[in-house]
Structure formats: C-alpha cells, structure tokens
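A.B. asks: We have chain S already, so just place chains A, E, V and D on it with the hints.
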Amino acid sequence: MKISRVIGSTISTIKSPRVMETKLLICRETDATGTEEIGTSYVATDLVDSGVGDLVLTCHGSAARQTTITKETPVDAVIMAVLDHLEVDGEVVFRK
Amino acid sequence: MKISRVIGSTISTIKSPRVMETKLLICRETDATGTEEIGTSYVATDLVDSGVGDLVLTCHGSAARQTTITKETPVDAVIMAVLDHLEVDGEVVFRK
Amino acid sequence: MKISRVIGSTISTIKSPRVMETKLLICRETDATGTEEIGTSYVATDLVDSGVGDLVLTCHGSAARQTTITKETPVDAVIMAVLDHLEVDGEVVFRK
Amino acid sequence: MKISRVIGSTISTIKSPRVMETKLLICRETDATGTEEIGTSYVATDLVDSGVGDLVLTCHGSAARQTTITKETPVDAVIMAVLDHLEVDGEVVFRK
Amino acid sequence: MKISRVIGSTISTIKSPRVMETKLLICRETDATGTEEIGTSYVATDLVDSGVGDLVLTCHGSAARQTTITKETPVDAVIMAVLDHLEVDGEVVFRK
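Protein chains in written order, with this note's numbering: chain S, 1 to 96; chain A, 1 to 96; chain E, 1 to 96; chain V, 1 to 96; chain D, 1 to 96.
Chain S with its partners taken away, still in its complex shape:
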C-alpha cells in the first residue's frame, strides 16, 4: 500500500456503470512522514469518502478489486483508508 495525498478530482465519460457511481480522485504518493510528495500522480477510486488534502492509504493492482464496490470493475487503485497517525522510528510524524 502507498501513503498518498489526495490532490484533486476528475470528471470523465466512463462507459462502465459500476465505475461511474464512484468518486475518482487524483492522488500523489508521499514519503513515510506524509510531508513530501514524490513520484507521478495517479487516479484512485475513493472508498472512504476522503477529500482533497487528506493523507490516505491506497492499494493497487488486483487488490483494488477486493471490495464489494470495485469487484469485477476496471479499477486498479483504491483509497482504502484515511490515515490518522504515522509513526516513524518511534516518533509521531503525522497526526490528523
């Protein structure tokens, strides 16, 4: 799973009806402390009603379809959790 920041949203013309019902948010992976954004942005199906600015946990690949909402849909990334607290090397580095 990746620690990511929700940075935006998308509106699109999607053919698959099951994907249409979900929010597709733009995410960007961060470092372990949730501070610095790294890598390229990607789009994930939101399962936890998160919003822009939230630090979230995303899962990728076939794992993204192990939920009732995304099962058998063309989805390869989901936001599975809103992060409340990150601890690195014994120090709290993020608190919501």
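Hints should not be assumed to be uniformly reliable.
No copy labels: a pair is met if it fits in one copy or bridges any two.
[Claimed, not checked] Calculated pairs, DSSO-like style, for lysine-lysine (alpha carbon to alpha carbon, straight line, at most 27 Å):
| id | residue 1 | residue 2 |
| --- | --- | --- |
| 1 | Lys71 | Lys96 |
| 2 | Lys96 | Lys23 |
| 3 | Lys71 | Lys23 |
FYI, nobody ran anything at the bench for these hints, they're computed from the structure.
Only a predicted model underlies this, so the values are computations on that prediction, with no experimental measurement involved.
C.D. replies: Showing chains A, E, V and D alone in chain S's frame:
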C-alpha cells in the same frame, strides 16, 4: 489509473481474434494537470472511441480485463474513460 | 520478494473489517545486505509479528493475498518473514 | 502493452514442459516511434513467430497467460503481435 | 521474465509451511548479455536448484505461482530456468 494523452495508433499482425477487433492506441502518461507528458509511451486497447490528442484515463494490469470486450484477452492496458475535467488543489486545471 | 526494513507504523480509519484486525507497518526496501535503505517507503500487512527495526521479507501484488489472514482483502503487500541471516557472494552480510 | 524491439534469444534448462516448447526472446522497449531503445531488456515468450530486429507488441503480467499456449504457465511477458505501422501525432513514424 | 544473476541466499522465520520447504535466493537483474548487474536486488523462490553465480531466468507476479511448488503460496518471484546461452544481435554473448 493513469491520466494519459493519446498520441498515436498502431497497426499490427495479431493472432488473437478478440484483440484484433479493437483499436490499439499509443498513450503517454501526463502530470496531474494533463499538460506535461511524462514517462515512456505504452499501447492500450481503446474502449471509449477516443482519438489522438484526447486526455484519457487508462487502467492497467488485470483491471484491464474487467470488461466484456477485453475479458480473457492478452491485454494489460485499456482506455476506460475520456477525461472532461480535472481539478487540482481547488483549481480547474483541465476542461475538455 | 523484497528485503525491507520496518521503519514505522500507521493508524487509520479502514472500512474493510478484515484489514482492520491486522497491523499495517511502514517498510522501506534495502540493498541485498540489509544495510542501505533504497526507494520509497510502502505499507505492508504484518503477518509475522515483526517490529520497527526488523529486517523482513515482503511479498507484493496478488501474492500478498495467498494467506488465510489476507485472502480476499484489499491488501497488496505483506511481511511474510523476519530475516535471520543474509549471505551475499559467500559472505554473511546480516545476522539477526 | 509495450512497443519493443526483439534483440536476441535465450537457451535455458527449464523444468516446466509447457514453457520448454516455446521460443523465449530478449526484447527491449522502444520509444513511441520504434527508434530508440529504452529501459532494461526482458525476456518474452514468442507467440507470433517473430525474429531478431522485429518491432513487436508485448503484454505483461497475468495478461501474458490469456492465450492457449501460455495458459497456466510461469510466463509473465509474451510477444503478442508484430507491428506493421506506427503513427504518432498524425505522422507515420514506422512502416515494416 | 528477467535475466538475473543469483548473488546470495537468505534464512528466515517463515510462517507459511509451503514456502519454508523452498530455497529463497537473492537475485539481481543483469543487462541482456548477463554481464552487468542493474537495478535493486530481490528474493526469488528457487525451482531449478540453482546456486550463487548462476545466470537465471526469473518470472514475477502471479506468474510465479503457476507451478506445483508455489501454487497458492505468498511468492511473487521464482527462478524458473538456468540460462545456458544468450545471443544478442546475432552474437553469442553468454555461454554457461
């Protein structure tokens, strides 16, 4: 899913009859605003009748086969949506 | 599988009840000797009761769901083993 | 899918009888015009009787096993097509 | 599949009994000639009784579980063959 720009098309000799019936387009991932092309290009099966220049959403891996057209075909990337609107940090960064 | 160091932990609001019961730890891949941390950090489900500082073996993708705990859950990385001993080119480079 | 150039071949001692019957070729991804080789080389099962120098389309991951030849075999990349024609931004950039 | 060099071995405390019965070796991808090691090292289940120094072919992802030994185990990379011979651009670049 990746935000990508359709940049071209391919013609090829394919053995699998189900893949032959589909358009295979060349795509290139962009940044979150759909402006800058990044990374290497890749080829995706077009499911939404998109064309060169369109900003699209592509999904990858086994997710690409969760549609009636690509089911059980040797396809690892599909164009699943044409993007109409992208918003990053509260600003509209792309409108079709 | 990746040789990784456990560097931290996460607390989050997760909808899926099966994932909630597990520890989600922050890991970072190391080189073959377990010395230098490389690449970006990621979050993995802990299956072996490991802790911060442990050198572990993680597996990724659908492999991460080949266990009774993670089966059919939205999990794409698990800590499957605590490393006791690494040998590279005939030399012991790590001993727990 | 990736646009790749076939650059070589392998001979190896393979235990799995179904993989033994196939040609395993060395490929290298190219840019969208098929001109410049990029990234690291990889080995793919040839399904279309291609040869060294051919520009091909390869698919990866579980997609590579969606054919009668590779089904249920330890194969993660196949050459699924020989490319005849590539067009980028309205210009023909490759013709076989 | 990747052309890789076996560079070391691991001993670890693994919970899954089926994975415990197998050798887990440290591999590093090489270039197409098997000469230069590139990228980060990874750990693969050995299916072909290879040893440190051998040039091997590894397969990754769900492909790694398409064998009787690794089926339904948390394994994402296997050594599927010992390479005997590599030919690039018509030249023999490796012979065992």
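A.B. asks: Each hint: holds or not?
C.D. replies: These are the hints, each one checked on the structure:
no., hint, verdict
1, Lys71 - Lys96, "neither (30 Å within a copy, 30 Å between copies)"
2, Lys96 - Lys23, "both (22 Å within a copy, 19 Å between copies)"
3, Lys71 - Lys23, "both (15 Å within a copy, 24 Å between copies)"
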